[in-house]
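Asker: The residues making up each chain are set out below.
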Amino acid sequence: MSNQNTPRSAAITLAAVRAVAPALANYTEAKIVGDLWQRPELSARDRGIVTLAALIARNQTIGIPHYTNLALDHGVQPSEISELVTHLAFYTGWSNAFSAIMAMEQVFAQRAIDVAELRAVSPALLPLDETAEAQRAARVDAQFGQAFPGMVQYTADLLFRDLWLRPGLAPRDRSLATVSALIAAGQVAQVPYHLNRAMDNGLTQAQAAEVVTHLAFYAGWPCAFSAMPVVKDVFEQRAAA
Amino acid sequence: MSNQNTPRSAAITLAAVRAVAPALANYTEAKIVGDLWQRPELSARDRGIVTLAALIARNQTIGIPHYTNLALDHGVQPSEISELVTHLAFYTGWSNAFSAIMAMEQVFAQRAIDVAELRAVSPALLPLDETAEAQRAARVDAQFGQAFPGMVQYTADLLFRDLWLRPGLAPRDRSLATVSALIAAGQVAQVPYHLNRAMDNGLTQAQAAEVVTHLAFYAGWPCAFSAMPVVKDVFEQRAAA
Amino acid sequence: MSNQNTPRSAAITLAAVRAVAPALANYTEAKIVGDLWQRPELSARDRGIVTLAALIARNQTIGIPHYTNLALDHGVQPSEISELVTHLAFYTGWSNAFSAIMAMEQVFAQRAIDVAELRAVSPALLPLDETAEAQRAARVDAQFGQAFPGMVQYTADLLFRDLWLRPGLAPRDRSLATVSALIAAGQVAQVPYHLNRAMDNGLTQAQAAEVVTHLAFYAGWPCAFSAMPVVKDVFEQRAAA
Chain A
1 MSNQNTPRSA AITLAAVRAV APALANYTEA KIVGDLWQRP ELSARDRGIV TLAALIARNQ
61 TIGIPHYTNL ALDHGVQPSE ISELVTHLAF YTGWSNAFSA IMAMEQVFAQ RAIDVAELRA
121 VSPALLPLDE TAEAQRAARV DAQFGQAFPG MVQYTADLLF RDLWLRPGLA PRDRSLATVS
181 ALIAAGQVAQ VPYHLNRAMD NGLTQAQAAE VVTHLAFYAG WPCAFSAMPV VKDVFEQRAA
241 A
Chain B
1 MSNQNTPRSA AITLAAVRAV APALANYTEA KIVGDLWQRP ELSARDRGIV TLAALIARNQ
61 TIGIPHYTNL ALDHGVQPSE ISELVTHLAF YTGWSNAFSA IMAMEQVFAQ RAIDVAELRA
121 VSPALLPLDE TAEAQRAARV DAQFGQAFPG MVQYTADLLF RDLWLRPGLA PRDRSLATVS
181 ALIAAGQVAQ VPYHLNRAMD NGLTQAQAAE VVTHLAFYAG WPCAFSAMPV VKDVFEQRAA
241 A
Chain C
1 MSNQNTPRSA AITLAAVRAV APALANYTEA KIVGDLWQRP ELSARDRGIV TLAALIARNQ
61 TIGIPHYTNL ALDHGVQPSE ISELVTHLAF YTGWSNAFSA IMAMEQVFAQ RAIDVAELRA
121 VSPALLPLDE TAEAQRAARV DAQFGQAFPG MVQYTADLLF RDLWLRPGLA PRDRSLATVS
181 ALIAAGQVAQ VPYHLNRAMD NGLTQAQAAE VVTHLAFYAG WPCAFSAMPV VKDVFEQRAA
241 A
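Residue numbers (our numbering), protein chains in the order written: chain A, 1 to 241; chain B, 1 to 241; chain C, 1 to 241.
Quick caveat, the hints were computed from the structure, so don't treat them as lab data. Mixed in with the good hints there might be a few duds.
Non-contacting residues of chain A with respect to chain C, defined by C-beta distances greater than 12 angstroms in every case (computed) [unchecked claim]:
| no. | residue |
| --- | --- |
| 1 | Ser43 |
| 2 | Ala44 |
| 3 | Gly75 |
| 4 | Asp114 |
| 5 | Pro127 |
| 6 | Ala241 |
Residues on chain B that point at chain A, a partial pick, calculated with CB under 8 angstroms [unchecked claim]:
| no. | residue |
| --- | --- |
| 7 | Val115 |
| 8 | Ala147 |
| 9 | Leu158 |
| 10 | Leu159 |
| 11 | Leu182 |
| 12 | Gln207 |
Glycine is no exception: its CB is placed at the ideal position from the N, C-alpha and C atoms.
Model the full assembly from the supplied sequences, consistent with the hints where possible.
Answerer: Here it is as structure tokens:
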């Protein structure tokens, strides 16, 4: 942890913001730094993951150095950042991850983060819930196996029997990042599966609702309003089950 | 107003365009500069707002300096640009606004626009239509209040009782920018509410149709074709009402 | 063709990737370079077009120089790259094309590609299938002609009676790029029309399925999963017809 417990103000950025949109600089300080990040519904560590996932999903490199520092300040480990980017390459596209890395590299260098601190490329994997994975695979195979054999195979082998089992980032945090990326990119069709998975992995309903609130600022109100009915449906179906 | 009444050609850009895609340079000059911007269905001032909103919504900083200059040339005031960016931070995400500001800062500096020309951070607000806002708030609260109390509160306090009432940009122009951003980002689910609001705020049907036409070039034909059925529905429902 | 037959490793990029996310560097080499691009379902030339279309649709300039070189290495002609960018200006928005050109210019300069090698700005056009175009135009005019006369006119005159008939890129390759851009941008509503057109223009079902698989890596798994039911519907309707 650095000696900064509140979000850093990005000095250069806020000076420019004040020169063009002083009201926006004021909203940033009063509402995002001074209010949103202080809300107890979601920890600052989780907000760091949610924000980075949103920026990576939206290919917004301008905020990556600031929020990488902030996430590290709030307890996300370098090895978890490394896994987060790797995970999001699959869920937001390879170039989004590569662009984020270009912007993160300076932060890792400034903080003298050594690659030896990061997880091994091929670690021992977490145990797989074979029953749940067999059900998922059977469902996807029945729907898409004949038309898209390559996708079905890659999805099983690369994602659910490899990426999700890497120990460098907890399944709950992978889910938090995945759901955040989906909402931030407006991809609500994929939210039900991954939000259910996130809540199975330990994300509470109050935390999930606050993820949407947090993302309203970082991805814009329309993304939050498009997500809310879908997220609410998941809440209701789980309550009824 | 500068002495340029037609869209400036971005000298460096068009040279590069000619080196890689001379046909595209030709389309740009013949169809965008020479045709689209000359169409009477929408003023050049409005086209400036629509284009900037689209670029900000799509995080396309490369065109921001050129189109900020163009909007200023066509009568959008610096204080309105400032408010536009502030408004779009809420509707397209904070980083989109910050990225735009980084690209606008040089234009403001080159034109010696002083922050004193911009609107106060906390001006006296426009009067609120309490009845309409009470209806909006009740509807959103009924749908989302229990699951997303933070979103419902922020939406009322920050957006409809604050941002939309700031006097630096007319409500009709805020609506024009909001609808443009939604269409340019492919967020058609939020178009009906905001297009109705825009037309209540004075945007005509012919102008709204031309916004879609204008955005076909700046956001691509698929965004326009995805918006058309939704926009047409709003037109028809208002005609039937 | 250069002397490189396999995808070039972007030296600077992979060094940065290894410093921040060594596992992602490993996936890139093992799964994308070593596996995906080697799959026989789609030629490397087609993969070059698909990848460039995805990057342009997503405004991801970081990968443009590498993949422009790769496409050229695999047999896409400079004149075809030039037409591809021109085509995608209409299908992904003008700024996406301009941003791509800024990133491509250096590649064209390094390879000493002369503008004289590119297609004429106004070439003799391919013959038009007047019957099919009359049907398309009548359908769009019936749905949108009254509300959006400008869009209907531009769509006929600029797109289907001009752009699509330019000889610099085969109709099948224009379709391949268009479908790839739509899937990569999450614009599935426009996929049925353009996928049918692509298959009419010679894209096979196996190739179309592999386009989705390829794009899972470059645009992210959620884009592929959102596209699959829509693409599958087209396959089934064509099989039933």
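Asker: Next, verify each hint and record whether it holds.
Answerer: Hints and how they fare:
no., hint, in the structure
1, Ser43, "24 angstroms, holds"
2, Ala44, "22 angstroms, holds"
3, Gly75, "18 angstroms, holds"
4, Asp114, "9 angstroms, violated"
5, Pro127, "19 angstroms, holds"
6, Ala241, "23 angstroms, holds"
7, Val115, "6 angstroms, holds"
8, Ala147, "5 angstroms, holds"
9, Leu158, "7 angstroms, holds"
10, Leu159, "7 angstroms, holds"
11, Leu182, "6 angstroms, holds"
12, Gln207, "21 angstroms, violated"
In summary, the structure is inconsistent with hints 4 and 12 from the numbered list given earlier, while agreeing with the others.
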